[in-house]
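2 protein chains.
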Amino acid sequence: MEIKNLFAAVAEVFEVLLETPNLRLERIVSDGQATPPGKWLDQENDEWVLLLRGNAGLRFADESGIRVMRPGASLRIPAHLRHRVEWTEHGAKTIWLALHSGDGEKGGAKDR
Amino acid sequence: MEIKNLFAAVAEVFEVLLETPNLRLERIVSDGQATPPGKWLDQENDEWVLLLRGNAGLRFADESGIRVMRPGASLRIPAHLRHRVEWTEHGAKTIWLALHSGDGEKGGAKDR
Chain A
98 MEIKNLFAAV
108 AEVFEVLLET
118 PNLRLERIVS
128 DGQATPPGKW
138 LDQENDEWVL
148 LLRGNAGLRF
158 ADESGIRVMR
168 PGASLRIPAH
178 LRHRVEWTEH
188 GAKTIWLALH
198 SGDGEKGGAK
208 DR
Chain B
98 MEIKNLFAAV
108 AEVFEVLLET
118 PNLRLERIVS
128 DGQATPPGKW
138 LDQENDEWVL
148 LLRGNAGLRF
158 ADESGIRVMR
168 PGASLRIPAH
178 LRHRVEWTEH
188 GAKTIWLALH
198 SGDGEKGGAK
208 DR
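Those protein sequence lines, which keep their order, are chains A and B. Residues 98 to 209 (this note's numbering) are what the first sequence spells out, left to right. Residues 98 to 209 (this note's numbering) are what the second sequence spells out, left to right.
The shape of chain A in the complex, shown without the other chains (with noise of 0.2 angstroms):
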């Protein structure tokens, strides 16, 4: 049973910037997305994210609290580091830019 935020968009919107066999740079809308609960974000991949504009709050398997980014915020998250979008701000967009460094193979953030 999930709660649903009708105030939020439908969807999250991503838009590839750049795709070359060795990276993807995404750009992603939120706006009041997360990752569902209990679900966890698995990555083949490095990622680097930075937030561009809105609030975001990040889980990390191995950390207690939730980081909280504010626009201007990076963060390296390495491959296989479990982690999940614990919210973004309602009614506002959340810009994101994900850097995916693959090592030649497709991977990254298939299931987000």
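Everything labelled a hint here was simulated from the structure, so no lab data went into it. One thing to keep in mind: the hints can contain errors.
Any copy will do: because identical chains look the same in the list, a pair fits if it lies in one copy or spans two.
[Stated by the list, open to error] Straight-line C-alpha distance at most 25 angstroms; calculated SDA-like pairs for lysine to any residue: (1) Lys190 - Gly162; (2) Lys190 - His177; (3) Lys136 - Arg173.
As the structure is a prediction and not an experimental result, all values here were calculated from the model.
For this one, chain A is given, so just place chain B on it according to the hints.
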């Protein structure tokens, strides 16, 4: 004979945020700097830039005008497209994110 603006910081500040064999992500802080008169930048690899803060003017060898970059402006500069930073704002930080996508060799804006 080059005019030197004493209000500007002495040099741009480069910080490498990420480096792998296939990419280099840099944060660049400019304060009034520009590419020296008559000089063009000519890079081995594609570069993607995002202006995070401040203002700058870019000139491309195949264009007559100057492109004004404001916060949020991003641009992919293909390898070997000659370009110059015509100006950056004086007395304020202009913050760039620059992603050099290589082919496994060292490359990028070595001479910037």
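Now the hints, each set against the structure:
| no. | hint | in the structure |
| --- | --- | --- |
| 1 | Lys190 - Gly162 | within (24 angstroms within a copy, 33 angstroms between copies) |
| 2 | Lys190 - His177 | neither (27 angstroms within a copy, 36 angstroms between copies) |
| 3 | Lys136 - Arg173 | within (20 angstroms within a copy, 35 angstroms between copies) |
Of the numbered hints listed earlier, the single one contradicted by the structure is hint 2.
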